[in-house]
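Undergrad: On the provided structure of chain F, position chains X and V as indicated by the hints.
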Amino acid sequence: MHIPDGYLSPQTCAAGYAVMAPFWAVASRRVKATLRLRQVPLLALGAAFTFVVMMFNVPIPGGTTGHAVGAVLVAILLGPWAAVIAVSSALVVQALLFGDGGITALGANCFNIAVVMPFVGWGTWRLVAGKAPAGSPRHVLGAALGGYLGLNAAALTTAVMFGLQPLIAHDAAGRPLYSPFGLKVAVTAIGLEHLLLFGFVEAAVTGLTLAWLQRADPSLLPVSSGDGAPSKSFPLWRLGGGLAGLVLLAPLGLYLPARLGAGSAWGEWSAREVARLAGFMPEGLRRLGEIWPAPLPDYASPAAGAGLPALSLWYVLSAALGCLLLVGSLWGVRRWLARPESP
Amino acid sequence: MTALPAWLRPGTSPLAPHRPGRSHLRRGAEALAARLGALARPAPPPSGFLAALDPRAKVIGGLCLIVAATLTGQPLVLALGYTGCLLLAAWSRLPLRRFLALWLAVPLFSAVVMLPATLDVVTPGHPLLVLWHDAAWRIGAWRLPSALTVTDAGLLAAGRMVLRTALCASLAWLVAASTPPVRLFYGLRVLGVPSAFVMTLALMHRYLAVLVQAAHDLHLARLSRTVGPSPGGALAFVAAGVGSLFRRTHSLGRSVCLAMLSRGYRGEVRLLDAPRWQAQDWLASLTCCLALAAAWWWR
Amino acid sequence: MSTEAVFQVSGVTFAYPGFPPCLCAVDLEVAPGERVAVLGANGSGKSTLLHLLDGLHFAQSGRVRAFGQVLEERLLETSPFGSRFRAQVGYLFQNSEAMLFCPTVAEELAFGPLQLGLPAAEVRTRIADALALLEIGHLQDRPPAALSAGEKKRVALASLLTLSPSVLLLDEPTAGLDPRSQGLLLDLLAGLHASGLTLVTATHDLDLLPELAERVVVLGEDHRVAAEGPVKDILADGPLLLRANLVRSAR
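Those sequence lines, one after another, are chains F, X and V.
Numbering-wise (my numbering), the first sequence opens with residue 1 and increments by one.
Numbering-wise (my numbering), the second sequence opens with residue 344 and increments by one.
Numbering-wise (my numbering), the third sequence opens with residue 643 and increments by one.
Mixed in with the good hints, there may be bad ones.
Covered, in the sense of this in silico footprint (three residues per stretch, anywhere, with C-beta under 8 Å from a C-beta of chain F), are these stretches of chain X [said to hold, decoys possible]: (1) 405–418; (2) 507–516; (3) 577–588.
Simulated from the structure, these hints should not be mistaken for lab results.
Think of the CB as a built atom: it goes at the ideal place given N, C-alpha and C, for glycine as much as any other residue.
This is chain F alone, in the form it adopts within the complex (with noise of 0.2 Å):
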């Protein structure tokens, strides 16, 4: 997942800094305000153990072996901002020393790897875990669930800095400078692999790796929040805060494409579309393309009409619908979880 240099745009690559500078901040004045002095340097091995981590050979099935990555067990050993600074050290060190992934590309990396794939199994682990105490399967659980997820969010931004390159550096005839592969091609090959196979491998590692800290040394297991003191460092409503920010958002998705005349993105044409780029409509696209009738085809209802305003307004709307099933669905599991337990 590390992306070396070369396939992702100036642009993108100092996107990539300027998005990680606050994050890295942040990070490290979170982490000297939460950690006492005398554990500040255990930040540094903390990351020496993130990079031996990742080169722990898992043998899969096949015969040949994968690699987990373990950044969502460091964030929910050390808690998520000091896995931000731990990974991000591993990673610069990868990169420096090691060449395994770019220098330009080095903050893209750090966001996929070091802040989304942390973030996102570190809340998962949370909302699964909930009040449950630190040595309850709950806790396995969702680590486990938190490793998958986290890996493929990663694998997910990854997938889509590769996929934009198309459309955002392209010289005068439209042709890719960078990465040529666009957003369905990227997606769907880094999605899946990671989706059927690193995914488990990620969930496997993280999920047994914390069970068996559970039953060999559990004082080094996070000290969970249902002990009855308020969570000091988990507030909701940031991140519901934030999620409604981004999803405010959505409609800069149609406003940047329709300023910058870019059109549909490289390779995400519907059948209409490609007819009239190719002139002919290919009998397989045309009778695949009806298989499922989406219920809000292309984000927006089909009685919007073309209007910018009222398809910006179905925008967020589909991104709330979107947002509210996922953490649905997850809340739903949670409950689940929590019905066999007794108080």
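TA: Structure of chains X and V alone, referenced to chain F:
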């Protein structure tokens, strides 16, 4: 002393089933040993042009050149730079065999990834090599395209990507191979990286070898006790290995914290002054900045 | 020189959170210029006692006084007394690996003085002198991973000496060392003591005891002080040593 139980006497242990094939444990141990070797490699010789440059100059210069390479689209310029790296490695008396392995492997790998980009389904253009035409093959419900060709635009795009990736990787290698790792981290300060983070990197690098050694020993210990299929399988070993590695990390981290506290650490980091810049450092940095400016101008 | 006790430990009980106590109602006094040994089997609490003397942990009950001041976390982390204390008391950990956390030997020696805020020229002088004293000048630019056990111990000791301490706390200083390195270390410690340093050594090695200390405090396996007195008397007390699990049979 009590008598030994019957099963403890020599010659009474049951035979274990035969386990064919190379154990993944052995492969894992070998990979870790290789990484240990890379980490413990002695510092590069002080002779050679690149090694004599100040690490800060190399950081600035390397970054400028890598960004310049990312901005450049001309395959000729990229190819020139790429060859230039090889010459620079030879001139600086860096281990050439290791560099050649990288110099050849990276473009090969990129070429494989970029192969689909040469086809007309990805990059339309004038066909150069027709793979097939007028075909009506199907794989299940998918009908393959009736014609598949390699296009000139596709070859150009793929070639440019391959050269660019290889050039960037070579530049990064040149900087890393000619500088002791910790000097490189200290050199990052010139880019504005805070001292605390640089110290985190240095501490991390210092104890990386310790943890890699611990992981290596875990693999060997497990290997020496493997007589048959293990309950829980390989995943159980990975979980136990990672878990006990975390325990070791935690206790070592605590000890290091105490040792630092005991010697006066109070959260602020103070490092010894770096050596002064010389004329050649100025020259190298300015040249690289100029290259970047040129790449920006003609992008 | 002040005749005030360097260390005064009164009725100290300490336990790590969630674990049974490592030290129970321990009393100890160390006078300036003394050589004291803390004798006890593994797990009797010797290392913990040294941690408390160095202000790395703080007792749940009882008090630890150093140079007349009660050791408290806030005092050590923020006040000028804390800085002076860190400079004056050097702790040689049993695990040299944890002590050598800088990239090269020279930087390791520089760490303490730099944290104290000494000027760079002074720091360089101290580094050169310490390297010469411990005969490790040829190791100056080596990373700690490339050192042998004896070299690591010498570098660790040198890194303490650059702070010009007046007290040294030593946790099993000769454990795991080959005989030549052991001899070098013991000679050096004798020399340092002759120049006025106070030494507190934790050990369970009875053979080296006469070279390490004049007075001995014995910690039993019940984590209490079992006995205290001159080295000769303690070594002659066979039943005591047996009870404290320091010998196999009472001679």
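Undergrad: With reference to the structure, classify each hint as holding or not holding.
TA: How the hints compare with the structure:
no., hint, in the structure
1, 405–418, "holds (count 8)"
2, 507–516, "holds (count 7)"
3, 577–588, "holds (count 11)"
Of the numbered hints listed earlier, not one is contradicted by the structure.
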